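Chemist: Listed in order, the protein sequences are those of chains A and B. Residue 212 is where the first sequence starts when you use our numbering, and the numbers rise one by one after that. Residue 4 is where the second sequence starts when you use our numbering, and the numbers rise one by one after that.
A couple of the hints might just be wrong.
Just some of the chain A residues that point at chain B, by a computed CB distance under 7 Å [stated by the list, open to error]:
1) P227
2) V234
3) H235
4) A238
5) H301
6) R303
7) V313
8) D319
9) N345
10) P370
Negatives, chain B to chain A, calculated, CB over 12 Å [as the list claims (entries may be wrong)]:
11) P121
12) A188
13) S341
14) L401
15) C403
16) N487
The set of hints was computed from the structure by calculation and includes no laboratory data. As the structure is a prediction and not an experimental result, all values here were calculated from the model. Where a beta carbon is used, it is the ideal one built from N, C-alpha and C, also for glycine.
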Amino acid sequence: MARAHVRDFLTRFVQPLVAGGEVHVGAPIPGTDVERWEHELSDASVELVAVDDARTQVAAMLVGRPPAFVFDADELALAAGLHNALFLVHPRAEEWSVSDRVRRKIIDTALAHVSRPLTHDLTRVIARHALLHNLFHLTRSDVTVSWWTGRARFQGQRPPARLTAWRGMRRVREDITLVDFDELLAVPDTAPVIATLLRRTPLTQLLDAHPGAPPVHWEDAVFLVRNAELARAIVYRLVPDAGPREQVAGPARLAAAFEQMLERAPDEADVRAVAAFFVHLTAVFCFGELGLREPAAKSPLISTVLSAETAGQRPRGLATLFALPAALARVDPRIATPPGLAQVPNMLARWRAHRAQAQELLGDALIDALAERLRRHLRVARAPAEDGSAAAST
Amino acid sequence: MALEHVAQGQTRFFTPGVAPDPRGIVLGRYCVMTFATLEGAVSWFRLYASEASLDELLANLAITKCRTALGSREIVVQIPAVSSYAVDRAARLCRLVGGAIYTGTAKHFVKYRDDRSPYGYDAVDIGTMPATTDFMVHGDDFAQGYVREGDLPFSRLLFRLSIRKLPGGEQLDAEARGELYLAVARGLSDGIIRYLWRNRVEAHAGLFTPGSTSAFDDHARDRGYMLIRVRALPERILALFLGTPGIDVFRPAGASAAVAVGYEHPIDLASCSTVFPADTFHVFWPSDRVDVLPGPIALSDIADLTRVDLELERPKDPKPHRGGGVDAIGVELKLAASMGPPRRVVATLIPLHHGSRLKRILFALPPVSLRGHRIATTDRGLLVIGSENLDVIPLGQLLCELTPGLLVPLGMDVVPRVSADVLARALGHQAGLVTVFTTDGRPFQVSEAAFASLERRALAKLEIEQVGLEDFAAASPAEAQIVNDAVGRFALWGFPDAPDHKLLPPGK
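The following block holds chain A by itself, in its conformation from the complex:
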């Protein structure tokens, strides 16, 4: 059997994965093939340029000057790992003849492919995100063909023409079901592969999410919010121009991950950076309400999402998101307010209105609890006079 060339893989899998289209999933790719493909990359310039152009277009939505991308072994391995993960939900992999041992082999191979080193290099992070930005939006059309004597289900495959011929006489009916991330990549076999893969592309996790996907590991992603351009792009993607509940869904998801971060032992600087990011994020909500007739009026957004009637339906992390500025004000006031806020009087009025309203709706107990958790991680610098008196006393 002729061995597949990397050109085929780039054309049929990687290119549509980046630019959209039909992502073809075939036989699982063993490690030896990936190693061979690394050497064959130099013979696939046309396909590589097409993939890199598509990735540049994706990156152009995030940064003003997208870096130059070169598809290399790193991205090839990640793509091969994702391909193998997708093969685990291939109908061929679910037949009785495929033993658990073989499935285990495929999972291990996929894990080995996606276990690339974590990176803080912005170019590589953006390149990985550009490759995997469609991860949460991969879908598969499953067709159930039923005719007068039976039915057959085709997962991501086109039903043969012999089954759909003579529609009227054979009473053929085709029901199409769209399968998404939940059933493709959040199933027990693929979940560990995808979790490993997502840790390699934290930007994708910050920009996009799915309820079935693992939460962000803030320690891996905090370096992204230290970059002003990327942090701005993340915020703009997180707060869409939509209804109040859609606006807070993304920030609440990240705030829930921040709660988990506080339960671990993160670096203090990381906690500060993420907390400051959230403070800026809440300022964006104020910015969106600058057009209100009464600058000190109550926020319709906060009234909707934090109302007592819908307290049971609040997404996880939402309370933390809106309580964080008040909690930080009790722990370290320096990062509790976005710098330069006082120079814009309307913005300051909205900020105060937001904080007062959030405090009224969330209550002091919740803010105190969050402040207590923050105190465990943030060492507050004492005032010089206080330090001096302390030194004198000792």
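Knowing the structure of chain A, use the given hints to seat chain B on it.
Modeler: Just chain B, lined up with the frame of chain A:
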């Protein structure tokens, strides 16, 4: 005997023929009310008729004289239980006049609800009824059997009752005097009709003879009288008629009856109008006289009944007149200050030497203000006509519109004040022309075709180069959809183990 209080939601009862209504109140098809005397029953009818319509009960109403097992006699009124609301009212009024009320369907009637048992009562031990008993009522501590002795139709009861004199009943207010009937003896009818007509009282009259079923009536004597229906009869005329022998005044009671003014029937006749046949009209006189007139009564306007004097001996031949031509009356049209409210400014006549000012104003005004304005250049000036209020151009003589296309200076009117149509006809004004009156007294006309759009005139024609458009917007990304390729039966054969290399540490 014992009655049980019915509980809320109870659906099964010992008493036959009763069931809970939507409110849960025990109700049979009928209710019977027992009164010790006929006066009690009449009192109940009187009270009920004053509060609600008896018509809804009359279909199954029965008044029966009954005898109890002990020989006492009672009047039993049976009414249909149309709803528990109607029965509640009947029960309240029945207890008010000393009666008792029961509900049931055929033979057994159980006490209707009261304050002690708001959902009604159920008779728990109903024994066999004696064969001679027609129906039985079950009270708190007794069960009484009744034997029917005779029926008293409601209509007979109604006509047997005498109308009663009301103290002060002859003083009628304006509403009560809205429609009245006069029964006028034949000899007085001409004079009364003339009197009413002279006093401008709207009235309709007809001649009626009451029906008679008695063989002893003197058919040779005409018992007929004139019935006049008057509307809005003045109070002084009413007082006059009430005091005049031979004239009787009646107030309508429903569509088929009338009762003498100053009197009242014990039962409200309007509430039991179905008792009266549709083709009759009942007139209730004092002293128990009831006339039955053929109905519906047809009356004629008294204006057509007034006396006509004819002098046939001196015929008046009509004198022929021949029409002639009308002498022309020439009146000079002038403009005078208008006395009416100011009209809307629709046009302005700008002197030609103010053309440059107009141009500057046009460049200063926003395009929205100029939209729909038209301009015609005449030797008398620049005539600008606007689609809306034109007072945005403070130049020239402002004009307002008398009729479409006929313009006069603002605040002025054309005298003599003839109608706009006549004026337009006299001026030869027609569709497609604009006629302008000016203060110098020399009106002029401009054809509509001479007008051009003000914007088009105001702006110079410019050559505009057409440029191509380039779209720099990012293309919306296409959806990525997974397609599972066929991999063959032996695709997984010989699949190697995963490479056993250690994971690299996180990079910084």
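Chemist: Decide, hint by hint, whether the structure agrees.
Modeler: Tested hints:
no., hint, in the structure
1, P227, "holds, 6 Å"
2, V234, "holds, 5 Å"
3, H235, "holds, 5 Å"
4, A238, "holds, 4 Å"
5, H301, "holds, 5 Å"
6, R303, "holds, 5 Å"
7, V313, "holds, 5 Å"
8, D319, "holds, 3 Å"
9, N345, "holds, 4 Å"
10, P370, "violated, 12 Å"
11, P121, "holds, 39 Å"
12, A188, "holds, 83 Å"
13, S341, "holds, 46 Å"
14, L401, "holds, 40 Å"
15, C403, "holds, 41 Å"
16, N487, "violated, 4 Å"
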